[in-house]
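Student: Counting in the numbering used here, the sequence shown runs from 1304 upward without gaps.
Just so you know, these hints were derived from the structure itself, not from any lab. Built from N, CA and C at the ideal position, the CB exists for glycine as well. Among the hints, erroneous ones may be present.
Derived DEER-like restraints, expressed as beta-carbon distance ranges [claimed, not checked]:
1. R1611 / R1498: 54 to 62 angstroms
2. I1473 / L1398: 35 to 43 angstroms
3. M1351 / T1371: 32 to 40 angstroms
4. T1373 / S1591: 46 to 54 angstroms
5. S1591 / R1343: 20 to 28 angstroms
6. P1561 / R1611: 37 to 45 angstroms
7. L1565 / A1339: 16 to 24 angstroms
8. R1498 / L1592: 29 to 37 angstroms
9. R1609 / L1565: 46 to 54 angstroms
10. A1327 / L1484: 32 to 40 angstroms
11. P1551 / L1398: 52 to 60 angstroms
12. R1497 / L1398: 28 to 36 angstroms
13. Y1466 / P1324: 49 to 57 angstroms
14. V1486 / A1339: 16 to 24 angstroms
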Amino acid sequence: MTSQERLPRLLALVPYLIARPGIAIEEAAADLGVTARQLRKDLELLWMCGLPGYGPGDLIDLSMDEDTVTVTYDAGMRRPLRLTGAEATALLVALRALLDTPGMVDADAVRRAVAKIESAAGQAQPAGVAVGLGVREGGNTATVRKVVQEALRDGRALRMTYYTASKDEITERTVDPMRLLIVDGRGYLEAWCRRAEAVRLFRLDRVDDVTVLDEAAAPPPDASQVDVSAGLFRPQPDQEVAQLVLEPDARWVSEYYPVEFLEELDVGRLRIRMRYADAAWMLRLLLSLGGDVTVERPAVLAEDLRERARLALRRASHLMAT
């Protein structure tokens, strides 16, 4: 059996078993149109599937004897699905491709899923499917991308005004373009930055202005491409880690900034952990969120935030609103 034939069944297998705890293997095999032996092979493969981390508590777990099978841990498949804009786009593309895959167990279910995701993307609320980032390219970003593509095509250097979110600063850069990338639904320019004297990735939506120069792009011979196979974020040992609880209207933080942990809570709230190198930058971000964020740790960050908020209120005490 080819992987193309096996994939649709594996995708349908976990929800099928969740809905039928303790089902006889022979019965499940008959429903799925395979032999009991093949189904057992599929179940053995599921034991190696799950969430990133891939350790105990991350992988799908099954209780299986000679005759029956029950899903004892589903790696979160029972939870309501919440997607970023980039994830929603990628999932829609994958589902439409899946409809054309031979052996699809339930094509109607896939069509219903496509319709639900499209509907949610069009009517998204803070507690629902998050859309916007990565789904539709802004006008300025589209212009920047075209200029970058022109520079790459003609082998020219670029001068640009760039906003660095982690430092909350705007700088002027002259760069030698190397390639354009799409990572997690966002466009990036990889280039040799003459200011940093190193290869850097620049998010296109954070470029305020860009101009193609007359001089040729000339990255050093030893300038190597960044490995993005495991994502862009690279934690550093000297960075602090903040654990935050975001209210529904602040969920965008988890999409706009790199996070290393994410947990769905009640009524659309989110618990995240994110690293930061600049405490002043983190305080500005938290203050901008107002009552839509709670700092769980570190304690010193929570106390600094309270003190900054008290100081701001004292300075604004002459205003009627305060």
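Student: I want to verify a distance hint. Is the separation of the beta carbons of R1611 and R1498 within 54 to 62 angstroms?
Tutor: This hint is violated: roughly 31 angstroms between Cβ atoms.
Student: Against the range 20 to 28 angstroms, how does the distance between the Cβ atoms of S1591 and R1343 compare: consistent or not?
Tutor: violated (54 angstroms)
Student: In this structure, is the beta-carbon distance linking R1497 and L1398 contained in 28 to 36 angstroms?
Tutor: The hint (28 to 36 angstroms, Cβ to Cβ) is violated, given that R1497 and L1398 are roughly 44 angstroms apart.
Student: Is 46 to 54 angstroms a correct range for the gap between the Cβ atoms of T1373 and S1591?
Tutor: holds (47 angstroms)
Student: Given the range 32 to 40 angstroms, decide if the beta-carbon distance of A1327 to L1484 lies inside it.
Tutor: Because 49 angstroms falls outside the window, the suggested range is violated.
Student: If I claimed the Cβ atoms of P1561 and R1611 lie 37 to 45 angstroms apart, would that claim hold in this structure?
Tutor: violated (24 angstroms)
Student: Please test the hint of 35 to 43 angstroms on the beta carbon pair from I1473 and L1398.
Tutor: Since the Cβ atoms of I1473 and L1398 sit about 40 angstroms apart, the hinted range of 35 to 43 angstroms holds.
Student: In this structure, is the beta-carbon distance linking P1551 and L1398 contained in 52 to 60 angstroms?
Tutor: Once the Cβ atoms are compared, 26 angstroms apart, the range 52 to 60 angstroms for L1398 and P1551 is violated.
Student: Please check whether R1609 and L1565 have a Cβ separation lying inside 46 to 54 angstroms.
Tutor: Violated, since R1609 and L1565 (Cβ atoms, about 25 angstroms apart) do not stay within the stated range.
Student: Do R1498 and L1592 keep their Cβ atoms within the hinted range of 29 to 37 angstroms?
Tutor: Since the Cβ atoms of R1498 and L1592 sit about 31 angstroms apart, the hinted range of 29 to 37 angstroms holds.
Student: Honestly, do Y1466 and P1324 meet the 49 to 57 angstroms range at C-beta?
Tutor: holds (52 angstroms)
Student: Within 32 to 40 angstroms or not, the Cβ separation of M1351 and T1371?
Tutor: Violated - the Cβ-Cβ distance for M1351 and T1371, about 21 angstroms, lies outside 32 to 40 angstroms.
When held up to the earlier numbered hints, the structure conflicts with 1, 3, 5, 6, 7, 9, 10, 11, 12 and 14 and fits the remainder.
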